[in-house]
Amino acid sequence: MNPLKAVRGTRDLMPPETALWNRIEAVARSVFGRYNFGEIRTPIFEDTALFARGVGEETDIVSKEMYTWEDRARAQSEKTQSLTLRPENTAGVVRAYIEHKLGETGQLQKLFYIGPQFRRERPQKGRYRQFSQIGAEVIGPAHAGAESALRDAEVLEMLATLLDELGIEGWTLKLNSVGSAADRPVYLAKLKAALGPVVGGMCADCQRRAETNPLRVLDCKVPEDQPIIDGLPRIGDSLDAASREHFAAVRAALDAAGVGYTLDHRLVRGLDYYTRTTFEFTHGGLGAQNALLGGGRYDGLSEAIGGPKAPGIGFAMGEDRLVLTLAAQLEAQQAARAELADVYVAPVGERQNAAALALARELRRAGLRVELGDGAFRVKKSFEAADKAARAIVLLGEDEAASGMLTVKDFATAVQTKVPRAELANSLLAARAETK
RNA sequence: GCGGCUAUAGUUCAGCGGCAGAACGCCUGACUGUGGCUCAGGAUGUCGUGGGUUCGAUCCCCACUAGCCGCCCCA
Numbered sequence: 012m013n014p015l016k017a018v019r020g021t022r023d024l025m026p027p028e029t030a031l032w033n034r035i036e037a038v039a040r041s042v043f044g045r046y047n048f049g050e051i052r053t054p055i056f057e058d059t060a061l062f063a064r065g066v067g068e069e070t071d072i073v074s075k076e077m078y079t080w081e082d083r084a085r086a087q088s089e090k091t092q093s094l095t096l097r098p099e100n101t102a103g104v105v106r107a108y109i110e111h112k113l114g115e116t117g118q119l120q121k122l123f124y125i126g127p128q129f130r131r132e133r134p135q136k137g138r139y140r141q142f143s144q145i146g147a148e149v150i151g152p153a154h155a156g157a158e159s160a161l162r163d164a165e166v167l168e169m170l171a172t173l174l175d176e177l178g179i180e181g182w183t184l185k186l187n188s189v190g191s192a193a194d195r196p197v198y199l200a201k202l203k204a205a206l207g208p209v210v211g212g213m214c215a216d217c218q219r220r221a222e223t224n225p226l227r228v229l230d231c232k233v234p235e236d237q238p239i240i241d242g243l244p245r246i247g248d249s250l251d252a253a254s255r256e257h258f259a260a261v262r263a264a265l266d267a268a269g270v271g272y273t274l275d276h277r278l279v280r281g282l283d284y285y286t287r288t289t290f291e292f293t294h295g296g297l298g299a300q301n302a303l304l305g306g307g308r309y310d311g312l313s314e315a316i317g318g319p320k321a322p323g324i325g326f327a328m329g330e331d332r333l334v335l336t337l338a339a340q341l342e343a344q345q346a347a348r349a350e351l352a353d354v355y356v357a358p359v360g361e362r363q364n365a366a367a368l369a370l371a372r373e374l375r376r377a378g379l380r381v382e383l384g385d386g387a388f389r390v391k392k393s394f395e396a397a398d399k400a401a402r403a404i405v406l407l408g409e410d411e412a413a414s415g416m417l418t419v420k421d422f423a424t425a426v427q428t429k430v431p432r433a434e435l436a437n438s439l440l441a442a443r444a445e446t447k
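Under the working numbering, the first residue of the first sequence is numbered 12, with each subsequent residue one higher.
FYI, nobody ran anything at the bench for these hints, they're computed from the structure. Please read all numbers here as calculations on a predicted model, not as lab measurements. Built from N, CA and C at the ideal position, the CB exists for glycine as well. Each statement offered as a hint is correct.
Computed spacing ranges between beta-carbons, pair by pair:
hint: 1; residue 1: Asp248; residue 2: Ile55; range: 34 to 44 Å
hint: 2; residue 1: Pro431; residue 2: Asn301; range: 56 to 66 Å
hint: 3; residue 1: Trp80; residue 2: Ala400; range: 43 to 53 Å
hint: 4; residue 1: Thr446; residue 2: Asp23; range: 22 to 32 Å
hint: 5; residue 1: Asp216; residue 2: Ala302; range: 11 to 21 Å
Input sequences plus hints: build the corresponding full structure.
Dropping the structure here:
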């Protein structure tokens, strides 16, 4: 029988890499906290209809990338229900906002999440079928200021801070406005009309996209098509006065805060719910998956899934890609170093094993990270193991047990001393404080 | 869903139609209570899975599976 393996597109995360994941999440929590966001945890699966209505029936995510199944009825009277592993988290957050009537509080809701999402795509570097996203949403009634351009700018400024604090070097913010729900059809009609006479001269992909999803034509990277694309109408020219003003206010606030960005009139996002501001933070070195995070405003999403009017803006960041980027910046080695134990407790002779556990318990209760050896090991072997696992070793043999003076050797300095048992924890804590 | 490349020790990888290799790591000893450096020895493995060609296949052929890269799409 073949051993079972993790299913395609999923993987195990293990030390030392998990230390890097934890560090990323700790930095994100710290930044979100300072911007006064609270954490939300929504279920990993939801009613399929939530994604069909929220994300958009015609998007690739919904039409071919979801893990969907029919939940079986447990009684004759019970109906079966179509359930889906969440492919993204914004729809779930907005569903919770509606379900718990958060709009009735009158307050702006600022929520962040960290958790796994699922899409049945072909796996490749930085893209897995179970992947983790870190995201946040600002949503609320219009009278709470949810529609304000200041909220867009604040979210973008927060993201710039987050990427800086994570230590991501060389990111780029791309910014665009796709207009209101009313602007979209107007622009689509113009775009289709303009494509009509020229699409025949474009690449096969574009000819297909012109039919299925004309906005994606703007994303085409084929060099020969670029002059044609440059001649197509720009979405920015189809915005109504209010959208135009909103976008100008976002840019003004970013300029005032000193957050750099690049206007990209071709930045259209794949999800149906986006309105007005759309953005993407990109980074080189990720191959075809160069987007670290993306997001935008979704003023109509709540209504699309049956809720009250609740404009909002949010983003989702691919945590797997952040890890890749940071690991490439040698952060992984530092994370691995942080995993070293403070001390290795080495009993000498099996008769000291019981006493060694008691000693390890004392040290661990004092807050030290402790690896416990085994008295069956020869002392040389204990030292070898300790050198790999910890910053220092404590020997507990017959001499030490009799005298109460423990032998401690610090590997960084190679200095060996005798320390009274009562002072051991404090002395090790002091040593740790020095090296960190 | 489509195309290209890849799959050999714990890891990174070499290799050849006829006994399975290196480096690092691991184990043992030099050193009976002292790591790192050195030296001497040792163990690794259904050569991804299944089929075919052949006297003989890890090697050649086919299929499958998985990974990587790209496309589609997206975070």
